[in-house]
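Q: Protein sequences, first through last, are from chains A and B.
The numbering of the first sequence is this note's numbering, which starts it at 1 and goes up by one.
The numbering of the second sequence is this note's numbering, which starts it at 1 and goes up by one.
Simulated from the structure, these hints should not be mistaken for lab results.
Bear in mind the structure is a predicted one, so any value in this text is a computation, not a measurement.
Accuracy of the hints is not assured; some may be wrong.
One copy or any two copies: either way a pair holds, since identical chains are not told apart in the list.
[What the hints assert, rightly or not] Below, in silico cross-link-like pairs of lysine to any residue (SDA-like), each with a Cα-Cα straight-line distance of 20 Å or less:
hint, residue 1, residue 2
1, Lys62, Gly37
2, Lys48, Thr97
3, Lys19, Lys51
4, Lys109, Arg131
Number of protein chains: 2
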Amino acid sequence: MVQTCQDCVMSNPPPLPTKDRLIRAAAELFRSRGYNGVGVSEVLSRAKAPKGSLYHHFPNGKSDLALAASTWASDGMLRLIAASFEPAECFDDGVVTLCHKLAKFFDSKDMWGGCPITSTLFEGPATEDFRAHARYLVDGWIAEVEHHARRLGVPANQAAATAEHLYMLVQGGWQLAKARQQSDVLRHLPAQLNTDRRQ
Amino acid sequence: MVQTCQDCVMSNPPPLPTKDRLIRAAAELFRSRGYNGVGVSEVLSRAKAPKGSLYHHFPNGKSDLALAASTWASDGMLRLIAASFEPAECFDDGVVTLCHKLAKFFDSKDMWGGCPITSTLFEGPATEDFRAHARYLVDGWIAEVEHHARRLGVPANQAAATAEHLYMLVQGGWQLAKARQQSDVLRHLPAQLNTDRRQ
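Looking at chain A on its own, in the form it has when it is part of the complex:
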């Protein structure tokens, strides 16, 4: 009987399938330079994927890849929202955790990347597919925050507006943090949201 060593498997995880590598490489590149700033050959090279693989997995090429990459990146944001609000004892605590996690992410990257949805879908070709998908993903983030707001006691008639306000503050705050190259802009966001909801 062949013995498997769990530690070895953990330290040497099997390589991701080509399709996943393409999606992750594209998401990172689009986020940092926008849809129009990235060529297909660059995605293939970063993903260490053979040339024919792109159209095999994404028949419409770059635009299909952009839809998949933005969905993958958006799922990461949904997990960040869940990880911030699920252990929180109140909504305000969840907002503080989320903003601190975002600030940490901002510091860990090149501080010049953008929102994975807007960089990928807003700067790309203005097709109905891109527009509809952008709306679907943005509304998904807001719905997830609204769900936690209700669960954590924000009055039902304020939950949606609060979630939208947080979305706008995070988007605008990220732009200001980038312009000033200061992640503290993100850490200070909760105060602006909280005073608003304490009416």
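Start from chain A and add chain B according to the hints.
A: Okay, now just chain B, sitting in the frame of chain A:
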């Protein structure tokens, strides 16, 4: 004596100099598709400018043009801020006017354009020149709003934070308006800022 007809001059204004035509064409194109989505030849064609004129007026080519185009577009935003707050009787009225003007602008365009600063400078090459210029322009907008906030009676210790909050709401609100293709998102921004300042 040759008579000049003022009406004729008004309806047939002299053409803009080449440099100004290049700047305006670049600003519009960068705003709608991002720095990386626009080629130099497209700017020349839209500006109806001869090929050699770009490097004559902008020795470093596209990147120089981006700095000039974002400054020109930013000046337009500064005029919009002034036109909103100068006739206002209180700061809140100025915010309402500004948000309504932005919503009107959003409706009058293709509803898919971006912020002239972030589309031009954040998506471009991540050089120090671009970063420093983005910060300079963004801080200019915030300083202009802060000036009017103080003039219109917002307490001195709240004026800067209020101006930053409005900047973030407008940036984030524009993204949400784009995602939903609804300019009303912008018209509803004042409520969120105002309740915040009434603490």
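Q: For each hint, tell me whether it holds in the structure or not.
A: We went through each hint and held it up to the structure:
no., hint, result
1, Lys62 <-> Gly37, "both (12 Å within a copy, 14 Å between copies)"
2, Lys48 <-> Thr97, "neither (35 Å within a copy, 52 Å between copies)"
3, Lys19 <-> Lys51, "within (12 Å within a copy, 43 Å between copies)"
4, Lys109 <-> Arg131, "between (27 Å within a copy, 16 Å between copies)"
Hint violations for this structure: number 2 only, all remaining hints satisfied.
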